[in-house]
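Single-letter residue listing:
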Amino acid sequence: MTTAGRLRRFGVTGRGLVVVLPYLWLMLFFVVPFVIVLKISFSDIDLAIPPYKPLLDWVGKNSLAIRLNFNNYAFLFTDRLYVNAFLNSIKVAFISTVLCLVIGYPMAYGIARAKPATRNVLLLLVILPFWTSLLLRVYAWIGLLKANGVINNVLVWLGLIHDPLTMLYTPFAMYVGIVYSYLPFLILPLYANLEKMDWQLLEAAEDLGCRPWQAFYKITLPLSRNGILAGSMLVFIPAVGEFVIPALLGGPNALMIGRVLWDEFFSNRAWPVASAVAILLLILLVPFMMWYQNIQARESAGAR
Amino acid sequence: MNYKRSFFILTCLGFGFAFLYVPILSMVVFSFNASKLVTVWDSANSPTLKWYYALLNNEEILDAAWISLKVAVINASGSVILGTLAGFGLARFRQFRGRFTLNAMTTAPLVMPEVITGLSLLLLFVALEQLIGWPAGRGITTMTIGHMTFSMAYVTVIINSRMASFDEALEEAAMDLGARPLKVFFVITLPIIFPAILSGWLLAFTLSWDDLVISSFTSGPGSSTLPMVVFSKVRLGVSPEINVLATITITVVTLMIVGVSLWMARAAKMDKAEA
Amino acid sequence: MSTSGGAAAKAAPWKDQAAKPYVQVEGISKSFGDFKAVNDVSLKIYKGEIFCLLGASGCGKTTLLRMLGGFETPSAGKIFIDGEDMSGVPPYERPVNMMFQSYALFPHMNVEQNVAFGLKQDRVPKGEIQERVATMLDLVKLGGFAKRKPHQLSGGQRQRVALARSLVKRPKLLLLDEPLGALDKKLREHTQFELISLQDKLGVTFVVVTHDQEEAMTLASRIGVMNHGEIVQAGTPSEIYEFPSSKFVADFIGSVNMFEGKLIEDEPEYVRIGSEELGGTIYVSHGISAPPEAIVWAAVRPEKIFMSTAPPEGSDNVARGSVQDIAYLGDLSIYLVKLPTGKVVRVTQPNTSRHAEAITWDQQVYLSWDATSPVVVTR
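If you read the protein sequences in the order shown, they are chains C, X and F.
In this text, residue positions in the first sequence follow my numbering: the first is 97, and each later residue adds one.
In this text, residue positions in the second sequence follow my numbering: the first is 34, and each later residue adds one.
In this text, residue positions in the third sequence follow my numbering: the first is 257, and each later residue adds one.
Isolated chain C (complex conformation) (with noise of 0.2 Å):
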């Protein structure tokens, strides 16, 4: 027998070996972390390092106690903070989502028609500041909404306003900055599925009598169905648990879930009550990321 065969007795194959060590990479740094904060979100607070009581305690000699404290959640659901923050974290992503939509799907569209060597050089520009920094975009943002910025000196100085507008640290320069910032993931997807598509099939529904508007009403959009939730999901579920925006651009009114988990864990220390956020968080978000596995799954096996 060859050492393969040998090997094989062992539940060791060729296969095995090659994806052995992703997953358990992935096993230990991804998954279980996950486990862990399951469990701190059931622990106290404690004042010491780290700061939340060990959940198993020796009574006595022989019996171990599990002490689950369900007080972190219940404080969630109770304290009106955390449910706003939770829902208005779902609403400005939803409204992000569309926007990014009205804005990308034309975008998209138009790359993927335009001839192929216009397209590479349009892709690019779409890629670039997707390659940059999104601290640094952001932050270009500041410049131009705060009160001496550049929008407010240009209106100014174009006549059309007197006094500067606010628009630093309120909710709209939230929602620019997210839509800034995840343009670009909704162009990317919604560019490859309208790539796919067949436009001979616009031209047959043209000299079949169909209108230009209706022809993409009927055909181009439902066809690009999945490059559409593939699309949103990549903008809708990183934007739900979204901080670095709403921490630089948006004021104090702008209560999104991820700035929430941040100052519970770094200013307030209280490790459990960010795991019971995180975990919350989680199983929000759990069914849209398997609607988005879901998609994929759907799309890889239409192309085959």
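Please note that the accuracy of each hint is not assured.
What the hints assert, rightly or not - Derived CB-CB ranges, DEER-like:
#1 F:Thr616 x C:Ala213: 54 to 60 Å
#2 C:Val252 x X:Phe52: 19 to 25 Å
#3 C:Asp140 x X:Gly166: 20 to 26 Å
#4 C:Gly305 x F:Asp572: 55 to 61 Å
#5 C:Val116 x F:Arg404: 37 to 43 Å
#6 X:Leu43 x F:Trp617: 55 to 61 Å
FYI, nobody ran anything at the bench for these hints, they're computed from the structure.
Using N, Cα and C, we set each Cβ at its ideal position, and we do this for glycine too.
Take the given structure of chain C and dock chains X and F to it, following the hints.
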């Protein structure tokens, strides 16, 4: 719709790209502004390079940049190895134990909010430290591990999709001619998918270089990365040195992207021969 | 000079009971989940043959070929090559080489490196590699192309590189997956004869998979017709064409007229079939084995039917009809003749002369054929 003359689409494209680029260009322009207020143009003294000199002498920023560089390079290299293994496995092996899990684990990080990933990683490191004494405190090691965990997901997607369009017949032909599977991978597959591996490396590098949230959670004293320093400055408002940093970043990224796309165009010609 | 089927065709070793087959396929089956791609196939292929697996898409021929190459593991059965059992032997250890449909040339290597690849894997000394590669490239007429890369070659040139690469190792068996599919018609014809000549020179046993019956007829010493994962008939091209064993094979190869009928007389030397479709009787001058009163089909090839304006002699094997359609193909013409029963009969005639006597549309004609022409099939 006669596309060529669609005014609507062209306008949308125009506004869209303007929207994307005006902020970037404004940062570049104002990096040459002498005024400390950044957005108020000081025409008497501008344009000037004084903030460029200031940045290049700023110890805090330079140290942070060096740390970011180290982490990014190690992260990119490690992620590429892990991601190529995972991407290759998912693309080529129809069935294996744990396939569903591996697939889920490599797609989840793409959409998961970073605050969750960051928090969970930190709690893991704390628990590990309590359990086995490693890692001793947070720093570059923990940051690199954190970055690799989410970067490899991106690399996996890239390699997986590249392998999907890779003609299996090439690998079969090599085996048919006498090469064992391992040899086939290194002599045939790897050289041909090299452009994809390179773009995976660059993507992982960029993700690590720009990362703020996960770095903040997993870093320790003395291991502040560039984004962390930038963030602390930017929280307080505008700063001309940040404009300079932005300009330099944009220039480098542009050159890199143009360079890589020229390379890819050449590789695409080879792909045509594959078909 | 090389003939179709190469050297083996002349020797016809399959007729010799004592001859040992070079490739023996025993009871091979392959299932993908519930789908049975190959169903209990047994074959004997002899050294020096060009054996063609012919069938429509999805009939299992490519799966069978891949099992010979080691790229699929049979769900049941065994394969022997030159007496050795190939069970569990991976492709890189088999004395078999394959020419892929897409050619699968390594794009990052030039022609020379591509062809040398297999020899390098065998640790053949460098000097010998150079020599053998150069000889092989000359053989396929690509002598000056050694340093070119695949994307700099035309389709036909790439095909020859693929061929050279798979033959340079002097394999016991060469598998070809639709070798001429990607070539245009003229090039295909030219390459068919080149392939035969090459095989004759090198004496390698070929197994070719194709869906093109013309290709199979030209290349093969023997053809295995496949349908739904089974070999429905294996034989020389003329055996398959002139003596199909079933309706499927008769219909698959070339065109054929099928007359359904019942056995009226069944004797050892002849049978007489009464066919309503024909509107008459068919007399076949050989016996068949079938139960009495069985429903049978008489297959008559279009080129074996005589068409005349005057009524022929005899009452068997005749019919009368009117010409419905004519297709002029230059060297021959195809006539579709409609019988009073409604059946349309296909007749081909070579355009041997330029006379104005040509038969035209709606003309009343008589059809007849020789008693030796029909083949009776019972399924």
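Numbers of unmet hints, in rising order: Per hint list: zero violations.
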